[in-house]
Amino acid sequence: MAPRSTTRPAVPTLATVAAAAGVSPATASRVINGSARVSDGHRAAVEAAVARLGYVPNRAARSLATRRTGALALVVREPVSFGVSDPYLSTCVIAASQALVGTGSHLVVMVGRDEEEAAAVGDFVRSGHVDGVLLLSVHRGDPLPAQLQAVGVPLVLGGRPPDPLPGAAYVDVDNLGGGASAARHLLERGRRVVAALAGPADMPAAADRLRGFRTALREEGRDTGLVAYAPFTRAGGERAVRELLEAEPAIDAVFAGSDVMAAGALRALADAGRRVPDDVAVVGFDDVELARYTAPALTTVRQPTGEQVRLLVEALLAQVEGRATAEPVVLPTELVVRSSS
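Note that this note's numbering has the sequence shown beginning at 1, numbered continuously upward.
Among these hints, one or two may not hold up.
As the list claims (entries may be wrong) - Here are the simulated distance ranges between beta carbons: (1) 225 with 189: 15 to 23 Å; (2) 40 with 332: 36 to 44 Å; (3) 104 with 189: 45 to 53 Å; (4) 189 with 218: 35 to 43 Å; (5) 104 with 25: 16 to 24 Å; (6) 324 with 219: 37 to 45 Å; (7) 328 with 71: 18 to 26 Å; (8) 97 with 339: 30 to 38 Å; (9) 102 with 337: 31 to 39 Å; (10) 193 with 331: 27 to 35 Å; (11) 306 with 225: 31 to 39 Å.
It is worth saying that the hints were derived from the structure and are not from the lab. Because the structure is a prediction, the values reported are computed rather than measured. Here a beta-carbon is modelled for each residue, glycine too, at the ideal position from N, C-alpha and C.
Full structure from sequences and hints, please.
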């Protein structure tokens with residue numbers, strides 16, 4: 001019996017690909033690195049050779065040639081315990097990862113809220129570890145957006161910046177219109193004493209949802225003062241509803257600034273012996289998966305999170321590649337009626 005060979009097949013190199021394609025190594029390198037300065041015939045020959053030989057570019061060498069790392073940072077400006085558990089933010093991370101499939105870039109997720117964590121993000125970016133930054137959940141007074149812009153790194157924001165940031169690229173949703181649609185829906189249901197659970201006042205999304213809600217109430221001559229502020233958490237929603245019921249026991253409708261807050265509100269209402277929707281109607285915002293599994297299922301304002309993140313990734317890649325950056329985008333929202341109202 002002949003001895004089994006232990007020799008491994010030779011790993012294809014750039015020179016191997018070039019020889020198989022009948023071009024110079026420099027031309028093969030330009031094709032692999034995405035240069036436009038190559039004829040269609042040479043490009044097709046190199047791509048065919050890469051596929052046939054199973055060639056995998058050396059990432060380190062490619063980074064030296066293109067001055068890119070192939071990494072994009074998704075930075076969530078929230079405490080770690082919230083940033084990794086919130087269903088909306090988790091959906092954003094998944095959507096960003098999916099949007100990068102086939103682009104040659106991968107995602108680095110960084111979560112943190114305090115100044116020390118902001119400094120760590122700034123140092124990481126300045127050290128050249130990523131090609132660009134997608135920034136989510138920014139609060140008023142956060143120094144990080146301006147710091148990143150000053151560095152000159154490609155930057156996009158999920159939502160309108162809370163502080164002036166001239167020329168910033170962002171993709172937002174119509175939070176004003178969404179809040180207004182929630183108010184109109186509750187009024188159409190015949191509700192008389194309508195309250196709002198507002199998210200953090202230092203976040204544009206929360207402020208806009210509340211402003212749209214109150215504007216719609218004001219247009220119908222209704223009281224707009226029943227508001228409690230709380231974090232976008234179940235505990236925050238639960239606590240806020242208890243405060244509102246103590247202040248005004250006659251409340252018969254609640255608009256929560258997020259579905260997670262609304263879930264907390266449902267629990268507080270149940271503990272208080274209030275039936276939903278018979279005694280109190282509840283509307284949330286986001287339409288995360290949780291909204292379909294609360295009891296009762298939650299009426300909510302759907303925001304197109306997947307599309308928002310896809311557009312953010314496209315805008316960031318356009319900046320990284322030196323293409324023109326699109327104007328800020330505001331996507332529509334949609335009221336989804338379920339059993340809670």
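So, going through the hints one by one against the coordinates:
1. 225 with 189: 15 to 23 Å: With a Cβ separation near 21 Å, residue 225 and residue 189 satisfy 15 to 23 Å, so the hint holds.
2. 40 with 332: 36 to 44 Å: Given about 40 Å between the Cβ atoms, the range holds.
3. 104 with 189: 45 to 53 Å: holds (50 Å)
4. 189 with 218: 35 to 43 Å: violated (18 Å)
5. 104 with 25: 16 to 24 Å: Holds, at about 20 Å.
6. 324 with 219: 37 to 45 Å: holds (40 Å)
7. 328 with 71: 18 to 26 Å: holds (25 Å)
8. 97 with 339: 30 to 38 Å: Hint holds: Cβ distance 33 Å, inside 30 to 38 Å.
9. 102 with 337: 31 to 39 Å: holds (37 Å)
10. 193 with 331: 27 to 35 Å: Given range 27 to 35 Å: holds, Cβ gap about 32 Å.
11. 306 with 225: 31 to 39 Å: holds (36 Å)
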